[in-house]
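Work the whole structure out from these sequences, hints included.
Chain residues, written in single-letter form:
2 protein chains.
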Amino acid sequence: MDKVGYYVKFRTQAGQRDALAGLLLQAADHARDAPGCELYVVNTASGEDDVVWVTEIWRSAADHTASLSADGAGELIGQALPLLAGPPERIDLRPLGGAGLPG
Amino acid sequence: MDKVGYYVKFRTQAGQRDALAGLLLQAADHARDAPGCELYVVNTASGEDDVVWVTEIWRSAADHTASLSADGAGELIGQALPLLAGPPERIDLRPLGGAGLPG
Numbered sequence: 001m002d003k004v005g006y007y008v009k010f011r012t013q014a015g016q017r018d019a020l021a022g023l024l025l026q027a028a029d030h031a032r033d034a035p036g037c038e039l040y041v042v043n044t045a046s047g048e049d050d051v052v053w054v055t056e057i058w059r060s061a062a063d064h065t066a067s068l069s070a071d072g073a074g075e076l077i078g079q080a081l082p083l084l085a086g087p088p089e090r091i092d093l094r095p096l097g098g099a100g101l102p103g
Numbered sequence: 001m002d003k004v005g006y007y008v009k010f011r012t013q014a015g016q017r018d019a020l021a022g023l024l025l026q027a028a029d030h031a032r033d034a035p036g037c038e039l040y041v042v043n044t045a046s047g048e049d050d051v052v053w054v055t056e057i058w059r060s061a062a063d064h065t066a067s068l069s070a071d072g073a074g075e076l077i078g079q080a081l082p083l084l085a086g087p088p089e090r091i092d093l094r095p096l097g098g099a100g101l102p103g
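If you read the sequences in order, they're chains C and X. Number 76 in this note's numbering belongs to position 76 of the first sequence; there are no gaps in the numbering. Number 64 in this note's numbering belongs to position 64 of the second sequence; there are no gaps in the numbering.
The reader is advised that the hints may include incorrect statements.
It does not matter which identical chain is meant; a pair holds if it fits inside one copy or across any two.
The calculated lysine to any residue pairs, modelled on SDA-like cross-linking and capped at a C-alpha distance of 20 Å, are [said to hold, decoys possible]:
| no. | residue 1 | residue 2 |
| --- | --- | --- |
| 1 | Lys-9 | Gly-97 |
| 2 | Lys-9 | Ala-99 |
| 3 | Lys-9 | Thr-44 |
| 4 | Lys-9 | Ile-91 |
| 5 | Lys-9 | Asp-92 |
Please keep in mind that the hints were generated in silico from the structure rather than gathered at the bench.
Rendered as structure tokens:
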């Protein structure tokens, strides 16, 4: 597989977690139709009240990059930024295989 | 959703990453048939030579717990433990929704 994966950790201003999660679920709706998106899941984290994690798998890094400039992405990013307490942290992964993925 | 998600980070003894990944891909084959397993993906990490991350989503915490005592799980755990440099770290998640999941 040449897939790429990301765990993206967003830390929000106090009390803004659910608002951010709502925006990221809108982003997931866009991702669902984006070329090469295999997984885009929005999560809260046990024991961390102001954290949202997004789990992503894309067919290629190029597909992921293209999604960031797709219609609507800039508007969602603009709405999300004021909710954050700092820049997102990203763990870059190379999926080797497993269960539950297409292909 | 009452789903649960996990990011599980395994750090191996030097040079044992691919051996561990192979065992975890066998675990993924078991997970594929386990009740309630929605995702079990084995990943390497950019820039960390001795790390394997597993991304899991289960229908419930009970389904995940049951899988750990399923046939074959103990044997794989026994083979994996000597490859590790320390105990796995786990980030516990509550998936809210997104793209690419069943249901």
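Hint-by-hint comparison with the structure:
1. Proximity of Lys-9 to Gly-97 under the C-alpha cut-off of 20 Å is restricted to the inter-copy arrangement: shortest distance 16 Å between copies versus 23 Å within a copy.
2. In this assembly of identical chains, the alpha carbons of Lys-9 and Ala-99 lie at most 20 Å apart only when taken from different copies (18 Å versus 23 Å within one copy).
3. When the C-alpha separation of Lys-9 and Thr-44 is checked against a cutoff of 20 Å, the pair qualifies both within a copy, at 10 Å, and between copies, at 18 Å.
4. When the C-alpha separation of Lys-9 and Ile-91 is checked against a cutoff of 20 Å, the pair qualifies both within a copy, at 8 Å, and between copies, at 11 Å.
5. Taking the closest pair of Cα atoms, Lys-9 and Asp-92 come within 20 Å of each other both inside a single copy (12 Å) and across two copies (13 Å).
Checked against the numbered hints above, the structure violates none of them.
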